[in-house]
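Visitor: Each chain is listed here by its residues.
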Amino acid sequence: GAVVSQHPSRVICKSGTSVKIECRSLDFQATTMFWYRQFPKQSLMLMATSNEGSKATYEQGVEKDKFLINHASLTLSTLTVTSAHPEDSSFYICSAQTGGVSNQPQHFGDGTRLSIL
Amino acid sequence: SQKIEQNSEALNIQEGKTATLTCNYTNYSPAYLQWYRQDPGRGPVFLLLIRENEKEKRKERLKVTFDTTLKQSLFHITASQPADSATYLCALDQAGSYQLTFGKGTKLSVIP
Chain R
3 GAVVSQHPSR
13 VICKSGTSVK
23 IECRSLDFQA
33 TTMFWYRQFP
43 KQSLMLMATS
53 NEGSKATYEQ
63 GVEKDKFLIN
73 HASLTLSTLT
83 VTSAHPEDSS
93 FYICSAQTGG
103 VSNQPQHFGD
113 GTRLSIL
Chain P
25 SQKIEQNSEA
35 LNIQEGKTAT
45 LTCNYTNYSP
55 AYLQWYRQDP
65 GRGPVFLLLI
75 RENEKEKRKE
85 RLKVTFDTTL
95 KQSLFHITAS
105 QPADSATYLC
115 ALDQAGSYQL
125 TFGKGTKLSV
135 IP
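If you read the sequences in order, they're chains R and P.
Counted from 1, the first sequence has number 65 at position 63 by the working numbering; the numbering is strictly sequential.
Counted from 1, the second sequence has number 83 at position 59 by the working numbering; the numbering is strictly sequential.
There's no promise every hint is true.
[Claimed, not checked] Computed list of lysine-lysine pairs in BS3-like fashion (alpha-carbon distance at most 25 angstroms, straight line):
| # | chain 1 | residue 1 | chain 2 | residue 2 |
| --- | --- | --- | --- | --- |
| 1 | R | Lys43 | P | Lys27 |
| 2 | P | Lys79 | R | Lys43 |
| 3 | P | Lys79 | P | Lys27 |
| 4 | P | Lys128 | P | Lys41 |
| 5 | P | Lys128 | P | Lys95 |
| 6 | R | Lys43 | P | Lys131 |
| 7 | P | Lys83 | P | Lys95 |
| 8 | P | Lys95 | R | Lys43 |
[What the hints assert, rightly or not] One-sided and incomplete, this derived list gives chain P residues near chain R with beta-carbon spacing under 7 angstroms:
| # | residue |
| --- | --- |
| 9 | Tyr56 |
| 10 | Pro64 |
| 11 | Arg66 |
| 12 | Leu73 |
| 13 | Phe126 |
Source of the hints: derived by calculation from the structure; they are not laboratory data.
Every residue gets a Cβ at the ideal spot worked out from N, C-alpha and C, and that includes glycine.
Input sequences plus hints: build the corresponding full structure.
Guide: This is the structure we're talking about:
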């Protein structure tokens, strides 16, 4: 149980393109979903927290107009990287949590490797 | 400032031995601490959660301890196997928050 599917797994595109990444909880309802970014040999950096039906909460330094997050249902959240540039190249990972309370583990997707040329 | 430190970036261990990984934190008051496993190019997988009022938690060959006085958690894998080779991440919350902050991880290599 607690499977999270993230698509696509890899994207290579030209600078200026907008890229949408989907995160789905397949067998549970995710009250809260999280979006992270990870650089090689670095920790997961939380970008934003999204709750179904409300606006995402972004971490300090993350541009909300650059990284658009939509959490339209209890099983789907999307991250759109708008007008992507080479510095946006990274490994993006989503996670989902049930219950919206603390002390619950997060269930992660397998990440999206984004490469902007 | 707040810090989570996983002391070893990499740890090599002989198959069959016990691997011990360390997670130290400063300026946090976590209600619980979690350990995850991450394989290359994959998302983390949840392993164990331990609460602030628990000293020790076990799951099969895994054992986690949590010392809130020392501000430290130890993660043990007994009878280690090459399949245990991966990066192990510790993560903790700020008390009452459902967001996690992750350490950089320790890359464990179990040598046959």
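Visitor: Each hint should be assessed against the structure and marked as holding or not.
Guide: Verification of the hints:
no., hint, result
1, Lys43/R to Lys27/P, "holds (17 angstroms)"
2, Lys79/P to Lys43/R, "violated (30 angstroms)"
3, Lys79/P to Lys27/P, "holds (22 angstroms)"
4, Lys128/P to Lys41/P, "holds (24 angstroms)"
5, Lys128/P to Lys95/P, "holds (17 angstroms)"
6, Lys43/R to Lys131/P, "holds (9 angstroms)"
7, Lys83/P to Lys95/P, "holds (22 angstroms)"
8, Lys95/P to Lys43/R, "holds (24 angstroms)"
9, Tyr56, "holds (5 angstroms)"
10, Pro64, "violated (10 angstroms)"
11, Arg66, "holds (5 angstroms)"
12, Leu73, "holds (6 angstroms)"
13, Phe126, "holds (5 angstroms)"
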